[in-house]
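Take a look at the letters that make up each chain.
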Amino acid sequence: MKLVVAVVKPFKLDDVKESLKTLGIHGMTVSEVQGFGRQRGHTEVYRGAEYEVEFVPKVRLEIVVDDAQVEEVTNAVVDSAGTGKIGDGKVWILPVDEVVRVRTGERGSDAL
Amino acid sequence: MYIPYPHWLNTGDNTWQIVSATLVGLMSLPGIAVLYGGLVQRKWAVNTMMMAFTGFGLVLIVWVLWAFNMSFGTPAHFGGSNAHSFFNNAIGHFKIATSPQAEQGQEILPEGTLIPFHYNQATFMYFQVVFAAITPLLFLGSVLGRMKFKAWLLFVPLWITCVYSVNAFLLWGGGFFAQKGAVDYSGGYVIHLAAGVTGFVAAWVIGPRLERDRKHGVPNNLLLVAVGAGILWLGWNGFNGGDPFYAGVDATSAVLNTNLCTAAAMMTWVFMDMFLAKEKKATFLGAINGMIVGLVAITPGAGWVNGYGAMLEGLIASAIVWTAWYYLVKVKPFSKVDDALGVVYTHGIAGLCGGLLVGFFGDPGMIEYIGKGSDAPGFAVQGLFYTGSWHQVWEQFLAAAWVIVFTAIASFILLQIVKLLVGLRESDEKLEQGDLGIHGEEVYPEETFAERVGSGSFEPANA
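Taken in sequence, the protein lines are chains A and B. Throughout the first sequence, residue numbering follows my numbering, covering 284 to 395 in sequence. Throughout the second sequence, residue numbering follows my numbering, covering 154 to 616 in sequence.
So that you can see chain A by itself, here it is in the shape it has in the complex:
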């Protein structure tokens, strides 16, 4: 099993979620984060004073998937989250030692 972490633009979340659902992925965890890569931030002005905001709001998705599905899940995220412009985000994949369903105690693939 693998943990697929994706940081994408907030307004692409709906597209990513829908494309994952069509693959049969039924669960994910999403958080609102701030980040930057090559995308530059912006300037805000309050009372004439300039504030540089280097960070850009992003959304972080975390999905645990079976090894067999990692490739198609990753491709689905990349295809649905991309706009072709700087700041589209990144996906990275980590190994997972164990997964447990809290309600039933099921482990491994049964817990996905």
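Simulated from the structure, these hints should not be mistaken for lab results. Please note that the accuracy of each hint is not assured.
Said to hold, decoys possible - Cβ-to-Cβ under 8 Å is the rule here; a few derived chain B residues that face chain A:
1) Glu432
2) Trp478
3) Gly495
All figures in this text were calculated on a predicted structure; none of them were measured in a lab. No residue lacks a Cβ here, since even glycine has one placed at the ideal position from N, Cα and C.
Given the structure of chain A, go ahead and fit chain B onto it with the hints provided.
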């Protein structure tokens, strides 16, 4: 047999006066409290509101105990035999004002009142105290984010006693500058110029906010800023509308002029931001700054200028303060002082502009008090543009010079006294923590992460 009112009481005047006073009180609480509370960074929101509420409360108490009579009572004589000397007309007696007579007797100012008022002293005291109380809340804007809370609690009563009451007596209580003909309709000098000067001096003496705080000092809630700003604007209908002390034609003229000046000033700032500021964007906070400048600038002359004068004063004052805000701030000593909310510009310079401009725009046709017989047509200001005389401008200039110099020196001395007694700055450790360090409260506590210790006195029956 009972009757509801003494013969001298006019219920219309009494009603409007206490309603105006309430409007002005609302400008402080919650007006300034949420305006400033929303403007500051989140870590300082509670401290800012606490200083607003406690400042207001302290002034109320000090007012009836002695400061009211010092500002509006019988003159105390310090300066020899000349009845018109400065030191015989600088301050009233230190006297308590809590008795039934003090509250329910007719308000008659010992000196310098054109007409005895048609309501009781409690009405007048309350009206005046809400003006006194908002003044420290204005200079709070300069010192927030680092002033020691205990120092605030000590400084406010001292300042009201030693600075505000003197300026109030000199300009309103029939004192020296009033006798010479200087005018200040609702406190452009007594309140706003004084607050701007005190804020600047205090910000200088106390020292700046932490560098980290200045770097991350973004507002935490612009919607609440809008609420506070709206209350300020419409509350000012009471601020200026109550100052003829009669619910007559000049009161409502003053209300209209106030709104005109404010609108002109706000739009001037908005346009200057759009066309001249670096980002060329109209900003909400810029609009609010312009609004405040207009409100302040009309204050010294609301019932004495006509509609043109009101709008032109707004345009001129806003243009001047906008320029000061963006350019004077780069020049010493302004560049060296952390006046957190720029009170020296929006209240100090705006009040000075308004107070001088009334010498130019004061229209003799705007009658505040109708004159009969030899007093006809009545009391009005003889502005330069209508009479060709520089007299009023000169008197306004002298009064301004006094307010600036006296307020600066007296505030400086009081700050040194407070510094000796309790210190002026919170410790760096407390400054890093902000609200939590000083009050043990956060402005937006998170229920998920906060757990109550102990169950208090409540134990559910079926636990």
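To see whether the hints hold, each was checked on the structure:
1. Hint on Glu432(B) holds. Least Cβ distance to chain A is approximately 5 Å, under the 8 Å limit.
2. Because the closest C-beta pair between Trp478(B) and chain A is about 6 Å apart, less than 8 Å, the hint holds.
3. A least Cβ separation of about 7 Å between Gly495(B) and chain A falls short of the 8 Å threshold, and the interface hint therefore holds.
Going through the hint list in order, the structure satisfies each hint without exception.
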